[in-house]
Amino acid sequence: MEVPILKQGAVLIATFQAALSDADLNQLRMGLVQQVVKFRSRAVIVDVTAMDVMDSFASRTLREIAHMIRLRGAETVIVGIQPEVAFAMVQLGLTLEGVATALDLEEGLAYLTQKFKNID
Amino acid sequence: MSKREGITKDSGTRSNPSVELVRSEAPSELLRELVAHLRQNRTQLREEWVVRITETRLLTAMTKEEIFAEATSVYDSYVEALETEAFEALQAYARNLSERIIPRGVETHEVVGIVLLLRDVLARSLFAKYQTDFKKLNRILDAYEPAANRIANTVAVGFVQERERVIRQQQEAIRELSTPVLQVRERLLILPIIGVIDPQRARQLTEQLLRGIRTNRAKVVVIDITGVAAMDLTVANNLVQTVEASRLLGATVIVTGLSPEIAQTLVTIGVDLGKMNTVGDLQGGIEQAERLLGYKVEKLAEPR
Numbered sequence: 002m003e004v005p006i007l008k009q010g011a012v013l014i015a016t017f018q019a020a021l022s023d024a025d026l027n028q029l030r031m032g033l034v035q036q037v038v039k040f041r042s043r044a045v046i047v048d049v050t051a052m053d054v055m056d057s058f059a060s061r062t063l064r065e066i067a068h069m070i071r072l073r074g075a076e077t078v079i080v081g082i083q084p085e086v087a088f089a090m091v092q093l094g095l096t097l098e099g100v101a102t103a104l105d106l107e108e109g110l111a112y113l114t115q116k117f118k119n120i121d
Numbered sequence: 095m096s097k098r099e100g101i102t103k104d105s106g107t108r109s110n111p112s113v114e115l116v117r118s119e120a121p122s123e124l125l126r127e128l129v130a131h132l133r134q135n136r137t138q139l140r141e142e143w144v145v146r147i148t149e150t151r152l153l154t155a156m157t158k159e160e161i162f163a164e165a166t167s168v169y170d171s172y173v174e175a176l177e178t179e180a181f182e183a184l185q186a187y188a189r190n191l192s193e194r195i196i197p198r199g200v201e202t203h204e205v206v207g208i209v210l211l212l213r214d215v216l217a218r219s220l221f222a223k224y225q226t227d228f229k230k231l232n233r234i235l236d237a238y239e240p241a242a243n244r245i246a247n248t249v250a251v252g253f254v255q256e257r258e259r260v261i262r263q264q265q266e267a268i269r270e271l272s273t274p275v276l277q278v279r280e281r282l283l284i285l286p287i288i289g290v291i292d293p294q295r296a297r298q299l300t301e302q303l304l305r306g307i308r309t310n311r312a313k314v315v316v317i318d319i320t321g322v323a324a325m326d327l328t329v330a331n332n333l334v335q336t337v338e339a340s341r342l343l344g345a346t347v348i349v350t351g352l353s354p355e356i357a358q359t360l361v362t363i364g365v366d367l368g369k370m371n372t373v374g375d376l377q378g379g380i381e382q383a384e385r386l387l388g389y390k391v392e393k394l395a396e397p398r
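Taken in sequence, the protein lines are chains A and B.
Residue 121, in the numbering used here, is where the first sequence stops; the numbers in between run on with no holes.
Residue 398, in the numbering used here, is where the second sequence stops; the numbers in between run on with no holes.
One chain only, chain A, in its complex shape (with noise of 0.2 Å):
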């Protein structure tokens, strides 16, 4: 199952569903990383809303892709982590670092406007 990757302005969302196996996760890093740079974007959104689980493999994952959308010039936000998720992962010592995250999409919109204003 691929991910759909939506732009939205100057920002690329990419919304998780609840079953990606190991293969759509890495399409999907691959995806983000180049699509950031053709379409000039300057920051994208992941929405993990529909995981209920979040395993550690997912977890690398999402970091890598913060982490190289950086070195493409551009900031990765995570939206939508579930409370019980986010509870599993810092007890798996899975705490995301140096990545921004925002409690939705709407949040993480608001933030990434904020940010563009006091850069701009």
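Calculated directly from the structure, the hints in this document are not laboratory data.
Check each hint, because a few of them may be wrong.
Stated by the list, open to error - Sample of chain A residues with no beta-carbon within 12 Å of chain B, all distances over it, derived:
| no. | residue |
| --- | --- |
| 1 | 25 |
| 2 | 49 |
| 3 | 74 |
| 4 | 83 |
To be verified - Listed below are the simulated DSSO-like cross-link pairs for lysine-lysine, each with C-alpha atoms no more than 27 Å apart in a straight line:
| no. | chain 1 | residue 1 | chain 2 | residue 2 |
| --- | --- | --- | --- | --- |
| 5 | A | 116 | A | 39 |
| 6 | A | 118 | A | 39 |
| 7 | A | 8 | A | 118 |
| 8 | B | 390 | A | 116 |
| 9 | B | 390 | A | 118 |
| 10 | B | 229 | A | 116 |
| 11 | A | 8 | A | 116 |
| 12 | B | 390 | B | 369 |
| 13 | A | 39 | A | 8 |
Glycine included, every Cβ here is placed at the ideal spot set by N, Cα and C.
Assemble chain B onto chain A, guided by the hints.
Structure of chain B alone, referenced to chain A:
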């Protein structure tokens, strides 16, 4: 619940051999005779027992009338248990009795004490009755003692179980009371923590906070630990986890009210609080949170 059943079954099998022994040696007529004796002298023995209870200063939390009323029903249940050897009824009665007297502040030693007193009072009456026939006395005591001990056991266990149940219930209540997540401004929550934090409570606090962050769409959370007396490595790590989990939901956490002792402990045990945002007191924490949220609180006039 299953624990209670387990104990019942266990004590049943344990005392069976002794009952078997009594039966093979002396027919249950002995017990019947014993019960008849206890019924006959009910008034006198009961009064003697109550006098002994008062003398030994047990059940001081209860009035004389209450002790007498309670003693009567305990006596009757006791004799009945001796007669039928059915301890379920006695067990239920013990539980019921405990439920009534625990809130009055009756202690375990008192309950065990009065049952043992009753055992002694009855045993003495048996000595008096059979003093001329030592062999008969011996056989009567053979029948009486195991049953009496088992009754004492049942009542004591029932009482302790009831107490444990009450304690568990109260712990539960305290736990539920002790985790308020309060919204003080739009998108600003405070979580005052008071008392001892154990791993279970820490987990509950975190879960409640995370749910609160989502429902209130909070961006900043102030965790105030002024009321936490001590902190060890586990609790400190739990706190760090809470902060990290909140961040995953997009909320910034400010920890306030770290006492000098706790600060000392944390530095000594080497907990990495680098990622933690700490402010001296709750007021400072709320002020910083307001700055983060873009609020500016201004005093309009001098207070009247």
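Hint numbers contradicted by this structure: 2, 4 and 10
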